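Colleague: The lines below spell out each chain.
There are 2 protein chains.
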Amino acid sequence: MLKDRNCGEIDEKLIGQSVTLAGWVHRRRDHGNLIFIDLRDRTGLVQCVFNPEQDSETHHLAESLRIEYVIQVSGRISPRPQGTENRKLATGAVEILVESLVILNESKTPPFYVNEDVDVDESLRLKFRYLDLRRERMRNNIILRHNVVTFIRQYLNERGFLEIETPILLKSTPEGARDYLVPSRLYPGKFYALAQSPQQLKQLLMVAGVERYYQIARCFRDEDLRADRQMEFTQLDLEMSFVDEDDMMTLLEGLFSSLVENVAPERRFNQPFPRLRYADIMERYGCDKPDLRFGMEIADLSDIVAQSLFGVFSGTIAKGGVVKAIGVPGCGKYTKSQIEELIETAKKNGAGGLVPISLGNEAGVLANLTMEHVKSVAAKYLTLDQIQAIASRCEAQPGDLILIAAGDRNRVNAALGTLRTELGGRLGLADPNALAFAFVTDFPLFTWNQEDERWQPTHHPFTSPWEQDLPLLEAEPGKVRGRHYDLVLNGYEIAGGSIRIHKTELQRKVFQILGHTEERIQALFGQLLDAFEYGAPPHGGVAPGIDRVVAILAGEPTIREVIPFPKNQAGLDLLFGSPSEVSQAQIDAVHISVKTDQ
Amino acid sequence: MLKDRNCGEIDEKLIGQSVTLAGWVHRRRDHGNLIFIDLRDRTGLVQCVFNPEQDSETHHLAESLRIEYVIQVSGRISPRPQGTENRKLATGAVEILVESLVILNESKTPPFYVNEDVDVDESLRLKFRYLDLRRERMRNNIILRHNVVTFIRQYLNERGFLEIETPILLKSTPEGARDYLVPSRLYPGKFYALAQSPQQLKQLLMVAGVERYYQIARCFRDEDLRADRQMEFTQLDLEMSFVDEDDMMTLLEGLFSSLVENVAPERRFNQPFPRLRYADIMERYGCDKPDLRFGMEIADLSDIVAQSLFGVFSGTIAKGGVVKAIGVPGCGKYTKSQIEELIETAKKNGAGGLVPISLGNEAGVLANLTMEHVKSVAAKYLTLDQIQAIASRCEAQPGDLILIAAGDRNRVNAALGTLRTELGGRLGLADPNALAFAFVTDFPLFTWNQEDERWQPTHHPFTSPWEQDLPLLEAEPGKVRGRHYDLVLNGYEIAGGSIRIHKTELQRKVFQILGHTEERIQALFGQLLDAFEYGAPPHGGVAPGIDRVVAILAGEPTIREVIPFPKNQAGLDLLFGSPSEVSQAQIDAVHISVKTDQ
Chain D
4 MLKDRNCGEI
14 DEKLIGQSVT
24 LAGWVHRRRD
34 HGNLIFIDLR
44 DRTGLVQCVF
54 NPEQDSETHH
64 LAESLRIEYV
74 IQVSGRISPR
84 PQGTENRKLA
94 TGAVEILVES
104 LVILNESKTP
114 PFYVNEDVDV
124 DESLRLKFRY
134 LDLRRERMRN
144 NIILRHNVVT
154 FIRQYLNERG
164 FLEIETPILL
174 KSTPEGARDY
184 LVPSRLYPGK
194 FYALAQSPQQ
204 LKQLLMVAGV
214 ERYYQIARCF
224 RDEDLRADRQ
234 MEFTQLDLEM
244 SFVDEDDMMT
254 LLEGLFSSLV
264 ENVAPERRFN
274 QPFPRLRYAD
284 IMERYGCDKP
294 DLRFGMEIAD
304 LSDIVAQSLF
314 GVFSGTIAKG
324 GVVKAIGVPG
334 CGKYTKSQIE
344 ELIETAKKNG
354 AGGLVPISLG
364 NEAGVLANLT
374 MEHVKSVAAK
384 YLTLDQIQAI
394 ASRCEAQPGD
404 LILIAAGDRN
414 RVNAALGTLR
424 TELGGRLGLA
434 DPNALAFAFV
444 TDFPLFTWNQ
454 EDERWQPTHH
464 PFTSPWEQDL
474 PLLEAEPGKV
484 RGRHYDLVLN
494 GYEIAGGSIR
504 IHKTELQRKV
514 FQILGHTEER
524 IQALFGQLLD
534 AFEYGAPPHG
544 GVAPGIDRVV
554 AILAGEPTIR
564 EVIPFPKNQA
574 GLDLLFGSPS
584 EVSQAQIDAV
594 HISVKTDQ
Chain U
4 MLKDRNCGEI
14 DEKLIGQSVT
24 LAGWVHRRRD
34 HGNLIFIDLR
44 DRTGLVQCVF
54 NPEQDSETHH
64 LAESLRIEYV
74 IQVSGRISPR
84 PQGTENRKLA
94 TGAVEILVES
104 LVILNESKTP
114 PFYVNEDVDV
124 DESLRLKFRY
134 LDLRRERMRN
144 NIILRHNVVT
154 FIRQYLNERG
164 FLEIETPILL
174 KSTPEGARDY
184 LVPSRLYPGK
194 FYALAQSPQQ
204 LKQLLMVAGV
214 ERYYQIARCF
224 RDEDLRADRQ
234 MEFTQLDLEM
244 SFVDEDDMMT
254 LLEGLFSSLV
264 ENVAPERRFN
274 QPFPRLRYAD
284 IMERYGCDKP
294 DLRFGMEIAD
304 LSDIVAQSLF
314 GVFSGTIAKG
324 GVVKAIGVPG
334 CGKYTKSQIE
344 ELIETAKKNG
354 AGGLVPISLG
364 NEAGVLANLT
374 MEHVKSVAAK
384 YLTLDQIQAI
394 ASRCEAQPGD
404 LILIAAGDRN
414 RVNAALGTLR
424 TELGGRLGLA
434 DPNALAFAFV
444 TDFPLFTWNQ
454 EDERWQPTHH
464 PFTSPWEQDL
474 PLLEAEPGKV
484 RGRHYDLVLN
494 GYEIAGGSIR
504 IHKTELQRKV
514 FQILGHTEER
524 IQALFGQLLD
534 AFEYGAPPHG
544 GVAPGIDRVV
554 AILAGEPTIR
564 EVIPFPKNQA
574 GLDLLFGSPS
584 EVSQAQIDAV
594 HISVKTDQ
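As given, the protein sequences belong to chains D and U, one line each in that order. To convert, note that position 565 of the first sequence is 568 in my numbering; the numbers rise steadily by one, no gaps. To convert, note that position 149 of the second sequence is 152 in my numbering; the numbers rise steadily by one, no gaps.
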């Protein structure tokens with residue numbers, strides 16, 4: 004080895020010893036005759052001192068050092084002179100008195116500072132990713148990602164799970180997202196698809212008697228890219244036999260709580276993870292993956308305002324609608340234009356409008372509220388008692404703003420849910436240190452697709468319906484509940500899971516309800532239906548997204564920050580400039596031709 | 004959980020306890036009124052007894068059980084009646100007296116026996132892979148593979164390596180094997196390629212300062228398939244900074260010896276792993292990945308026969324050729340037609356012919372050999388002393404066969420090397436329990452490609468030349484040695500590795516020697532050359548093939564047996580029937596059209 008220790012390990016205990024280190028020139032400072040180099044490797048920094056009185060030749064060579072040069076130094080570990088210690092640095096009490104220096108490689112001046120945490124243009128970071136990854140923040144993210152995956156594997160291995168690799172080149176089964184196609188050279192006109200997930204394969208592994216399977220699996224979906232969606236992503240793919248929902252949620256809670264305790268012990272979270280019903284959280288948060296780090300729950304005012312003189316409210320309720328609201332803390336002073344903007348947001352998200360009630364500029368006690376503090380178009384139609392009841396229901400105080408929506412239940416929930424998320428973020432209500440895990444259960448098995456006028460699976464077609472809802476399957480599919488359990492965290496769905504169907508006839512019936520012809524069922528799912536005929540055990544699974552989990556634990560806003568070589572929003576890998584043109588011979592080999600006239 | 008223990012864990016210590024198990028009906032035997040079921044799960048078998056006197060209803064239900072039904076049983080753990088114990092089974096001293104039975108799923112009669120180790124048609128095994136994987140042999144292979152990968156990760160994690168995922172969708176860089184192409188939807192006429200290996204990416208990670216990287220990486224090459232080559236394969240991809248060849252070989256020897264000790268402790272191997280030079284092993288074994296479990300080394304007879312009266316030998320040497328031989332134990336009795344077949348093999352592999360010398364039918368002492376025992380066309384031209392010297396050089400005894408080839412050195416080595424491999428296998432000279440690891444070093448950096456009349460890299464273009472051979476680089480590239488270290492095991496190259504070039508100018512020069520234009524160098528490798536300008540550390544790496552390592556440790560003849568869902572030799576996944584036709588809309592989305600007139 005060109006080094007016998009790492010920079011970050013050098014401390015007072017080693018004073019007096021000789022050491023050889025190798026790494027990058029992080030900083031250089033000259034003080035009189037002395038040259039000070041902060042030497043960096045993956046483990047940290049250590050100060051190296053070149054003194055011309057020690058060795059003039061080495062000192063002379065050190066004069067040529069510039070940042071990001073790769074060097075090897077040998078010298079003696081020494082205490083820093085009193086008063087020059089750096090308490091912020093792990094190695095700040097010591098320095099290396101350099102006796103010899105080898106320049107292993109030079110460096111051009113980097114296009115941005117590697118040694119400072121400054122904002123750098125995104126495309127520059129992607130183009131010079133090998134420099135971006137040298138920065139402390141990115142290095143920590145990469146190490147955290149390693150620690151997350153290592154911990155997950157260890158946790159599952161200890162519990163009898165087998166990691167099994169499943170193929171990536173599969174038959175195209177166009178369900179859900181768009182497949183990436185790979186033309187076959189041996190079979191002209193036919194295509195492989197890149198696995199969107201190992202779903203059917205892991206179910207086959209259950210049929211194969213594996214019982215406990217997992218894989219840190221690469222998956223591919225040809226969807227339009229966003230800052231937060233990559234062409235390829237990584238999920239913890241997991242499946243177990245002989246389990247029910249409770250077993251799976253217990254496993255997941257154990258896995259994720261132990262994970263946080265081990266890789267991010269400074270983060271705060273509650274246990275047990277709440278288990279919430281889909282229908283309830285839609286009423287309370289207006290979305291199926293609420294950020295539970297803050298309250299601001301959606302309150303139902305229907306009983307309070309049903310008999311009020313305000314026609315918008317009473318009329319809505321008379322027509323079977325609902326009146327619901329959120330209380331926004333400290334926003335009683337919002338201006339007309341600020342409120343207009345919120346109304347626009349609500350309208351964009353399905354509400355007919357929004358009735359705001361301002362409880363004034365100043366904090367106070369609700370019992371002392373007078374009509375003078377209240378500002379609202381509805382004020383003159385409502386009594387003080389009614390307003391106090393509304394405020395109380397929304398947990399609003401004087402100084403707060405109440406946003407009320409009236410109308411169809413689903414639209415009202417959706418609009419207020421969006422406002423809750425928007426305002427919670429704007430007001431900083433969520434503790435950035437907190438991790439609010441929760442399970443969401445009792446999803447409907449099917450969702451009606453208005454556009455195509457057909458039922459579609461709420462999650463995927465392999466989810467088992469509730470036993471007690473089976474009689475409704477054909478007559479009222481919309482009322483059938485599925486054996487789902489999603490895990491949400493800080494406003495993200497980090498894992499979707501379910502107990503699966505394991506009998507051929509039930510699986511076939513579900514495909515039929517989804518509108519598939521028998522021919523299509525055979526073509527897409529024939530192998531699974533066949534396999535179920537040969538002793539398929541009851542089983543269930545889950546697929547947490549690794550990229551998202553790491554991003555949340557790293558405190559990063561997008562998953563791109565925790566992927567070593569991401570593509571930009573246009574799907575371009577700036578480092579590699581892909582995709583690229585290929586030769587005509589390559590194209591001919593796979594029996595395709597390219598449409599260039601588009 | 005539908006079970007509270009695993010079948011394989013039930014033993015005498017648990018006698019008297021109640022237990023609930025779930026699994027598959029492995030065997031059923033009826034004895035009078037009693038029904039015996041061997042219940043199987045992933046951990047093993049346990050005998051379950053249904054007694055009508057215990058519970059007639061449960062017994063009645065048990066009558067319907069057939070093999071591979073999935074069941075749940077509850078009952079009491081009891082010692083087997085004296086004389087009925089099965090010492091071959093871990094659970095053979097006990098049985099479950101069943102009190103209740105639930106049939107979780109039924110099974111059709113499987114197309115082959117899951118409970119017996121019988122030969123089954125390969126295509127049937129692939130079509131019903133979920134049943135094939137239930138068989139003990141395949142289950143053990145899958146578990147072994149898990150153990151291998153788990154051990155490797157643990158070993159490297161403990162040594163400061165970070166596992167980092169690199170992208171699979173890359174720019175096409177047509178070097179070496181054929182790329183799988185993935186048409187881009189967003190960039191009409193452009194293609195991604197599936198990664199053939201993370202080579203350039205892992206070198207960029209070294210430039211990024213990661214220092215110690217590994218990945219259990221999926222790789223893709225669109226080559227013609229064989230029993231032993233899959234469309235996608237898995238390698239341990241590994242790279243380190245600040246190392247030389249010795250550091251890398253030390254790491255690999257530690258990793259592989261610890262691996263065997265942990266996952267296959269019954270296997271025998273020698274340490275330290277021999278480090279052999281390429282030129283030497285070509286002389287001694289005639290191939291660069293010799294099976295070192297047996298001797299039969301190629302002996303050079305040139306000095307013995309240079310002055311002999313046999314013109315084939317003396318003439319060859321006079322013309323600058325060599326005369327070499329192998330001694331084949333116990334084959335002095337080979338018939339004329341058996342020997343003819345060996346001569347044919349030698350000719351197919353480049354030799355002009357073969358001169359056999361039989362040392363007779365019977366074993367004996369070489370000193371007692373007389374000309375009467377010797378049978379050969381060359382016998383009358385050679386003295387007994389010469390024949391004894393030849394035999395001694397080949398370590399041949401009376402009763403053995405000596406196969407001599409004369410001619411060009413490389414052709415003679417190649418032909419005798421092939422015969423050595425062929426006869427070693429036929430005679431069973433290799434101990435199937437032995438693992439003969441060795442490193443091969445000092446490969447030439449370049450190999451002359453006769454067909455294209457250009458130099459090509461012996462391994463890949465990123466390997467660093469020997470420092471002392473740099474002056475030869477332009478004038479005599481064929482004499483430049485590379486800093487390679489391959490790891491061979493039992494006749495397979497299981498890992499190719501090298502210290503890499505880390506300076507732009509040297510890397511560019513190597514690309515030029517390989518005949519690349521500057522334009523092509525920029526297009527294919529520009530990002531790496533650019534990266535080397537910004538402080539690239541000295542680094543090296545290696546990429547052991549996981550599939551092959553597991554197959555050797557499992558004692559399996561092909562890698563297909565250690566891959567859960569392999570494709571057959573025609574590239575077809577019989578379970579999924581891929582590749583498949585896709586819809587015109589899918590084809591249109593990626594701006595290609597299919598040539599159907601081929």
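No lab work stands behind these hints, which were simulated from the structure alone. A quick note: this is a predicted structure, and the numbers were derived from the prediction, not measured. Some hints could be false.
When chains are identical, the list treats them as one kind, so a pair holds in a single copy or across two.
To be verified - Cut-off 27 Å, straight-line C-alpha distance, at most; resulting in silico cross-link-like pairs (DSSO-like, lysine-lysine):
id: 1; residue 1: Lys16; residue 2: Lys111
id: 2; residue 1: Lys16; residue 2: Lys6
id: 3; residue 1: Lys322; residue 2: Lys91
id: 4; residue 1: Lys598; residue 2: Lys193
id: 5; residue 1: Lys16; residue 2: Lys350
id: 6; residue 1: Lys111; residue 2: Lys350
id: 7; residue 1: Lys339; residue 2: Lys111
id: 8; residue 1: Lys91; residue 2: Lys6
id: 9; residue 1: Lys111; residue 2: Lys512
id: 10; residue 1: Lys383; residue 2: Lys598
id: 11; residue 1: Lys598; residue 2: Lys506
id: 12; residue 1: Lys506; residue 2: Lys130
id: 13; residue 1: Lys16; residue 2: Lys336
id: 14; residue 1: Lys383; residue 2: Lys506
id: 15; residue 1: Lys512; residue 2: Lys16
id: 16; residue 1: Lys506; residue 2: Lys351
Colleague: Is it within, between, both or neither when you check Lys383 against Lys506 at 27 Å Cα-Cα?
Modeller: Neither: 62 Å inside a chain and 80 Å across chains, both beyond 27 Å.
Colleague: Checking an output row: Lys339 and Lys111, CA cutoff 27 Å. Within, between, both or neither?
Modeller: neither (55 Å within a copy, 71 Å between copies)
Colleague: When Cα atoms must be at most 27 Å apart, do Lys598 and Lys193 count as within-copy, between-copy, both, or neither?
Modeller: both (18 Å within a copy, 10 Å between copies)
Colleague: How would you label the pair Lys16, Lys350 (within, between, both, or neither) given a Cα cut-off of 27 Å?
Modeller: neither (66 Å within a copy, 69 Å between copies)
Colleague: Can you tell me if Lys111 and Lys512 fall within 27 Å by alpha carbon in one copy, between copies, both or neither?
Modeller: For Lys111 and Lys512, the Cα distance is within 27 Å only across copies (20 Å; inside one copy 65 Å).
Colleague: Taking 27 Å as the upper bound on the Cα-Cα distance, should Lys506 and Lys130 be classified as within, between, both, or neither?
Modeller: Answer is between: at 20 Å across copies they meet the 27 Å cutoff, but 51 Å inside does not.
Colleague: Classify it for me, Lys512 with Lys16: is the Cα-Cα distance of at most 27 Å met within a copy, between copies, both or neither?
Modeller: neither (71 Å within a copy, 47 Å between copies)
Colleague: My question is about Lys91 and Lys6: at a cut-off of 27 Å on alpha-carbon distance, are they close within one copy, between copies, both, or neither?
Modeller: within (25 Å within a copy, 54 Å between copies)
Colleague: Can you give me the call for Lys506 and Lys351, within, between, both or neither, at a CA distance of at most 27 Å?
Modeller: neither (43 Å within a copy, 57 Å between copies)
Colleague: With identical chains, the pair Lys16 and Lys6 could be close in the same copy or across copies; at 27 Å between alpha carbons, which is it: within, between, both, or neither?
Modeller: within (19 Å within a copy, 54 Å between copies)
Colleague: How would you label the pair Lys16, Lys336 (within, between, both, or neither) given a Cα cut-off of 27 Å?
Modeller: neither (60 Å within a copy, 73 Å between copies)
Colleague: Is it within, between, both or neither when you check Lys383 against Lys598 at 27 Å Cα-Cα?
Modeller: Neither: 67 Å inside a copy, 74 Å across copies.
In this structure, the hints that do not hold are numbers 1, 3, 5, 6, 7, 10, 11, 13, 14, 15 and 16, in rising order.
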